[in-house]
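Chemist: Let's have the full structure, built from the sequences with the hints guiding it.
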Amino acid sequence: MEDQKRAARAWIRAQTAAGRAAARPVVTLALAGTLLAIGQAWCAGMLLGALLRGGRGGLGWLAAGFALAALARAGLGVMAERAAFAAGAAARRRLRSEALGALLATGPALLRRSHSGELAASVIDRIEALEGLFARWIPAATLALAGPALVALAALAADRLAALVLIGAGLAVPVAMALSGIGAAAASRRQFLAMTHLQTRFLDRVRGIATIVLAGRTENEANALARAAAELRVRTMRVLRVAFLSSAALDAAAAAALVGLAIRYALLLRAGALAGPGTALFVLLLVPEFFAPLRAFSAAYQDRMHAVAAAESLSALPPVPPAPAILPVRTVAAQGVSVAFEDVVLVWDPARGRALDGLSFRVPAGETLILAGPSGAGKSTVIEILLGFVRPDHGRVTINGADIASLVPQALARFTAWVGQRPMLFAGTIAGNIRFARPEATDAEVAEAARLAHVDRFAADLPRGLATPVGEGGFGLSGGQAQRIAIARAFLKDAPLLLLDEPTAHLDPQSEGEVLEGLRRLALGRTVILATHSALAHGFGGRRLDLRAGRTVAAAERGAA
Amino acid sequence: MKGFRPLGRILALWRGRAFWLGLGVAVSLAALAVAVALMERAGVITARAFLGVAVAASGGMAALGVGRVMLRYAERMTTHAATFRALADLRVWFFRGLARRSAGGLGFRRAGDVLARLVNDVDALDGLYLRILVPLAGAVLLLPALVVLAGQRSLLLGMVLGLLFLLAAFVLPWFAARGTAAAGGELAAAGAGLRVAALDALSGLREVRAFGAEGRMLAEVQAREARLFALQRAQAQRGAIAQAAAFLCGQAAVLAVLLAGGIGPVAAVALAFVTVAAFEAAGGLPRAGALAGQAAAAAARVLEAAEGPEAMPDPARPAALPVRFDLRFEGVRFRWEAERAPVFDGLTLEIPAAARVAILGPSGIGKSSLAALALKVVAPEQGRVLLGGVDLALLPAAAVRTRIAWLSQATHLFDDTIRNNLLLGRPGADEAALWAALEAARIAEVVRALPEGLDSWVGEGGARFSGGQGRRLALARTLLSEAPILILDEPCAGLDAETERAFLATLNVVAEGRTVILIAHRLVGVEQLDRIWRVSAGHAVAAAA
Numbered sequence: 033m034e035d036q037k038r039a040a041r042a043w044i045r046a047q048t049a050a051g052r053a054a055a056r057p058v059v060t061l062a063l064a065g066t067l068l069a070i071g072q073a074w075c076a077g078m079l080l081g082a083l084l085r086g087g088r089g090g091l092g093w094l095a096a097g098f099a100l101a102a103l104a105r106a107g108l109g110v111m112a113e114r115a116a117f118a119a120g121a122a123a124r125r126r127l128r129s130e131a132l133g134a135l136l137a138t139g140p141a142l143l144r145r146s147h148s149g150e151l152a153a154s155v156i157d158r159i160e161a162l163e164g165l166f167a168r169w170i171p172a173a174t175l176a177l178a179g180p181a182l183v184a185l186a187a188l189a190a191d192r193l194a195a196l197v198l199i200g201a202g203l204a205v206p207v208a209m210a211l212s213g214i215g216a217a218a219a220s221r222r223q224f225l226a227m228t229h230l231q232t233r234f235l236d237r238v239r240g241i242a243t244i245v246l247a248g249r250t251e252n253e254a255n256a257l258a259r260a261a262a263e264l265r266v267r268t269m270r271v272l273r274v275a276f277l278s279s280a281a282l283d284a285a286a287a288a289a290l291v292g293l294a295i296r297y298a299l300l301l302r303a304g305a306l307a308g309p310g311t312a313l314f315v316l317l318l319v320p321e322f323f324a325p326l327r328a329f330s331a332a333y334q335d336r337m338h339a340v341a342a343a344e345s346l347s348a349l350p351p352v353p354p355a356p357a358i359l360p361v362r363t364v365a366a367q368g369v370s371v372a373f374e375d376v377v378l379v380w381d382p383a384r385g386r387a388l389d390g391l392s393f394r395v396p397a398g399e400t401l402i403l404a405g406p407s408g409a410g411k412s413t414v415i416e417i418l419l420g421f422v423r424p425d426h427g428r429v430t431i432n433g434a435d436i437a438s439l440v441p442q443a444l445a446r447f448t449a450w451v452g453q454r455p456m457l458f459a460g461t462i463a464g465n466i467r468f469a470r471p472e473a474t475d476a477e478v479a480e481a482a483r484l485a486h487v488d489r490f491a492a493d494l495p496r497g498l499a500t501p502v503g504e505g506g507f508g509l510s511g512g513q514a515q516r517i518a519i520a521r522a523f524l525k526d527a528p529l530l531l532l533d534e535p536t537a538h539l540d541p542q543s544e545g546e547v548l549e550g551l552r553r554l555a556l557g558r559t560v561i562l563a564t565h566s567a568l569a570h571g572f573g574g575r576r577l578d579l580r581a582g583r584t585v586a587a588a589e590r591g592a593a
Numbered sequence: 004m005k006g007f008r009p010l011g012r013i014l015a016l017w018r019g020r021a022f023w024l025g026l027g028v029a030v031s032l033a034a035l036a037v038a039v040a041l042m043e044r045a046g047v048i049t050a051r052a053f054l055g056v057a058v059a060a061s062g063g064m065a066a067l068g069v070g071r072v073m074l075r076y077a078e079r080m081t082t083h084a085a086t087f088r089a090l091a092d093l094r095v096w097f098f099r100g101l102a103r104r105s106a107g108g109l110g111f112r113r114a115g116d117v118l119a120r121l122v123n124d125v126d127a128l129d130g131l132y133l134r135i136l137v138p139l140a141g142a143v144l145l146l147p148a149l150v151v152l153a154g155q156r157s158l159l160l161g162m163v164l165g166l167l168f169l170l171a172a173f174v175l176p177w178f179a180a181r182g183t184a185a186a187g188g189e190l191a192a193a194g195a196g197l198r199v200a201a202l203d204a205l206s207g208l209r210e211v212r213a214f215g216a217e218g219r220m221l222a223e224v225q226a227r228e229a230r231l232f233a234l235q236r237a238q239a240q241r242g243a244i245a246q247a248a249a250f251l252c253g254q255a256a257v258l259a260v261l262l263a264g265g266i267g268p269v270a271a272v273a274l275a276f277v278t279v280a281a282f283e284a285a286g287g288l289p290r291a292g293a294l295a296g297q298a299a300a301a302a303a304r305v306l307e308a309a310e311g312p313e314a315m316p317d318p319a320r321p322a323a324l325p326v327r328f329d330l331r332f333e334g335v336r337f338r339w340e341a342e343r344a345p346v347f348d349g350l351t352l353e354i355p356a357a358a359r360v361a362i363l364g365p366s367g368i369g370k371s372s373l374a375a376l377a378l379k380v381v382a383p384e385q386g387r388v389l390l391g392g393v394d395l396a397l398l399p400a401a402a403v404r405t406r407i408a409w410l411s412q413a414t415h416l417f418d419d420t421i422r423n424n425l426l427l428g429r430p431g432a433d434e435a436a437l438w439a440a441l442e443a444a445r446i447a448e449v450v451r452a453l454p455e456g457l458d459s460w461v462g463e464g465g466a467r468f469s470g471g472q473g474r475r476l477a478l479a480r481t482l483l484s485e486a487p488i489l490i491l492d493e494p495c496a497g498l499d500a501e502t503e504r505a506f507l508a509t510l511n512v513v514a515e516g517r518t519v520i521l522i523a524h525r526l527v528g529v530e531q532l533d534r535i536w537r538v539s540a541g542h543a544v545a546a547a548a
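Chains as they are written, first to last, in this note's numbering: chain A, 33 to 593; chain B, 4 to 548.
Be aware that a few hints might be false.
As the list claims (entries may be wrong) - Computed, partial: chain A to chain B, Cβ under 8 Å: (1) 100; (2) 102; (3) 104; (4) 113; (5) 133; (6) 273.
To be verified - From chain A, some residues computed to sit far from chain B (all C-beta separations above 10 Å): (7) 48; (8) 64; (9) 178; (10) 185; (11) 199; (12) 207; (13) 294; (14) 379; (15) 389; (16) 393; (17) 424; (18) 432; (19) 438; (20) 528; (21) 555; (22) 572.
Claimed, not checked - To spell it out: a stretch of chain A is covered by chain B in this simulated footprint if at least three of its residues, at any positions, have a beta carbon under 8 Å from a beta carbon of chain B; those stretches are: (23) 125-131; (24) 279-292; (25) 415-423; (26) 454-462.
Keep in mind the hints are simulated off the structure, nothing from the lab.
Please read these numbers as outputs of a predicted model, since none were measured by experiment.
Cβ coordinates follow ideal geometry from the N, Cα and C atoms, glycine included.
Modeler: As structure tokens, this is what we get:
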């Protein structure tokens with residue numbers, strides 16, 4: 033936890049340094065605005081002074097100056113906002129690509145540890161939450177010093193003591209903010225974690241809402257959600273109670289400076305030590321301008337706290353795995369992929385023991401291997417290793433004699449096709465989901481793959497055929513229909529190594545027979561590894577390997593003997 | 004005006020929080036009144052001092068100053084506390100509304116999109132009270148105050164100030180609101196699109212890796228991000244321009260006060276100070292207007308999701324729950340969508356109480372629709388479904404579902420502990436009942452071997468267990484329920500043959516006295532059944548038991 037905080041702080045420091053250059057236009061524009069504001073204060077002070085003296089000469093020029101400066105300030109304000117947005121957008125774009133790239137490079141093993149909703153929240157919400165850091169906090173941090181300094185210089189030219197009063201009141205602000213800010217930062221982190229938990233919980237409950245409704249538990253879940261939201265409110269208010277103290281400190285400092293200076297000038301005027309009220313009014317009007325950058329800084333402080341909390345969750349993301357050492361390019365002929373496992377050990381979770389426990393086997397090119405055994409025997413794990421989802425903890429897996437660890441995932445993906453147990457259907461049409469296997473495929477090729485996998489049989493009954501949209505988890509399609517789309521993907525991919533993980537688990541005997549026929553045709557001339565526990569094995573010619581507890585049955589019996 | 008009606012609906016939802024919301028507004032108005040009074044006093048005292056008039060004791064001013072700082076703090080606390088209460092209500096209301104409409108699953112409404120709706124849209128509504136209504140109430144108070152204060156001295160000045168204030172606090176925000184209301188829906192859709200793309204890439208990490216689609220997925224996310232940024236930029240630009248225009252109104256007002264002749268120097272200075280304070284208080288309103296436009300679009304989406312037409316409204320005068328639990332389909336005709344062929348046409352079958360029946364047929368034939376009809380997730384187009392002789396149309400859906408437990412292919416395992424997943428089936432079940440259900444589902448051994456036993460986390464969709472184990476956990480939950488009718492829709496999909504046989508054999512014993520409806524594409528031979536129906540071509544045909 034401490035390490036994480038330190039990492040987050042270091043991350044913020046590095047990002048702040050990087051963001052300062054991007055913030056330069058914003059700072060420049062804002063400082064130009066402050067200069068104009070000083071000019072306006074001078075014009076207004078002189079105008080008021082003239083008013084109090086009863087004279088009306090030269091008022092036109094002063095009024096024109098005031099109006100022109102106002103117009104210029106308005107224009108500068110619009111430009112500064114545009115520059116701030118650009119700085120924030122550039123940073124978000126860079127960080128999001130980095131984070132998502134790292135997640136994609138790490139791959140499916142992530143899903144065993146993290147909820148995809150949580151990961152998506154990191155990539156979307158955490159990075160959106162950094163907008164304020166780059167668009168507001170970084171410029172505001174620079175301006176909090178430079179802005180008041182500029183105003184104090186103007187005050188110095190008019191009245192030395194007044195400048196000192198302003199600087200004194202200004203210095204009190206960061207002290208008060210630091211005192212209240214420490215508590216606020218810790219509370220902000222707690223609130224942020226609560227928010228993440230609430231969002232993850234909600235996504236999960238929404239995904240299973242049918243299960244909740246049909247179990248008659250809507251009220252209980254709604255009440256649990258209300259409790260979680262109430263807890264979040266208490267946490268948030270704890271943050272704000274402290275955070276608002278720093279705003280109150282700022283209000284008090286500004287009021288004290290104004291009253292102090294007003295009393296000073298009243299005394300000076302009574303003593304006749306001041307020639308006219310113009311200068312005094314100019315200095316008084318500078319007071320709000322002096323505190324404006326500090327106010328902006330105080331408002332942006334929340335942005336920084338959000339950024340720190342977001343940075344913690346981002347620094348908790350897995351590091352990008354090291355790319356395998358580049359070996360000489362291996363070309364894998366479409367006809368010849370052989371696979372070998374040599375004494376492979378894999379542990380998903382130390383509490384559950386070894387998923388694979390010294391497994392060895394060979395599949396020569398063009399042959400079929402059937403992995404049989406009860407669920408939990410390690411059949412799917414073999415497939416996941418070959419797909420590059422996970423690396424063995426011990427032992428060697430080779431493809432055409434090359435260690436799988438020396439292949440980049442993209443190279444591995446190029447010569448494998450896969451049909452898993454529960455295919456993921458993406459937002460889009462049925463045809464789009466099939467084309468996922470090979471984006472450059474023609475419509476005719478997609479239609480042919482759909483035909484071979486018997487997707488066309490049920491698609492014909494759908495309102496828009498292959499162009500029918502499918503939603504989350506493929507609503508409107510049965511498990512068997514979704515499975516046939518996955519099989520169509522494998523047909524379209526046309527890869528030399530075919531990995532089948534219970535491809536007909538959700539099909540009825542008739543569809544199973546049809547799909548099997550297609551799969552057999554697809555298997556011709558390819559290397560096939562089929563994990564199954566059903567009668568499918570009998571319909572699929574090939575050598576059979578029985579697995580039990582991560583070992584071949586023969587090896588397990590030897591071990592027991 | 005029509006575009007802003009959803010905001011009215013959201014406000015109506017908050018009626019129960021009127022006290023907290025009203026308190027926030029009241030404190031805020033008090034803080035504003037004190038701030039303006041303070042500026043007025045400050046102006047008068049300063050002007051008198053410069054004119055050499057004796058200054059009265061400034062104790063009153065100090066009190067106003069302290070009061071202002073304290074009231075501002077109180078305002079921030081009360082308005083925020085009120086907002087969070089209102090937001091919690093909104094979340095819970097949204098969840099309930101969604102639950103009433105989604106018994107059949109989320110359908111084409113993607114979970115990522117729904118999440119975006121709740122998180123982003125509800126957050127957008129967060130500003131409705133705090134950043135729109137509260138400052139608007141302040142502006143409503145300030146407008147007459149400013150006009151009267153200036154009008155006392157000069158009618159013309161009062162009118163000019165009133166007009167400028169009207170422009171800055173009402174007209175400009177109104178245009179800003181109109182502008183973003185049009186773009187707000189697009190912006191929210193772009194945000195949801197980005198989230199769905201990210202969720203697709205991350206939930207589908209297996210497919211992405213297996214098909215080497217990393218680059219494509221990243222490019223898709225970047226394209227959606229660029230679209231979102233373009234809309235955000237336009238939005239920010241509109242806000243900045245409205246803001247600048249309001250700033251200029253304030254500056255013009257100050258200039259008007261300074262240049263207005265004949266109102267006396269003290270009054271002029273005091274009025275100038277009040278004008279500055281008033282326009283500063285209203286300065287945030289154009290941005291608030293832009294926000295209101297966004298909030299209106301968000302509110303419309305939230306309402307659409309939570310208040311759309313209910314697929315299965317409950318009867319106005321529900322019949323009493325029957326005491327018998329025989330289930331009867333009479334001449335049922337049903338289709339999922341109007342343009343699709345009917346799944347059933349003239350389906351008639353009867354399942355006596357405590358019977359064990361199987362309904363067989365190839366996948367995609369509509370066997371699951373039978374369960375949906377029995378659970379009152381959908382209604383037949385023609386014909387009736389009767390529970391204990393009472394038409395389901397006359398019974399509340401929730402009551403039907405206390406009598407029928409369902410294990411479907413889509414049954415969800417929640418990212419929670421095994422215990423909490425099981426308790427969904429029967430809240431308040433004791434430890435022994437939980438273990439009995441796990442035994443029945445042939446999963447107790449696996450759970451017992453876990454270091455944390457019943458308190459082990461199951462992971463997203465049961466990801467920490469194999470497919471077969473996850474299905475057996477869901478099964479244990481179904482068995483735990485006390486419903487007299489169990490519908491098991493392909494309960495053995497994903498189980499190996501040995502486990503499947505063992506499980507079906509157990510089912511013969513465990514569900515004694517309950518109706519068991521087994522929906523499957525084939526039988527394995529160990530099931531003890533009273534009756535078998537085969538579904539084909541929209542009809543059910545009795546087959547030999």
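Chemist: Which of the stated hints cannot be reconciled with the structure, identified by number in ascending sequence?
Modeler: As far as the earlier hints go, 1, 3 and 13 are violated by this structure, in ascending order.
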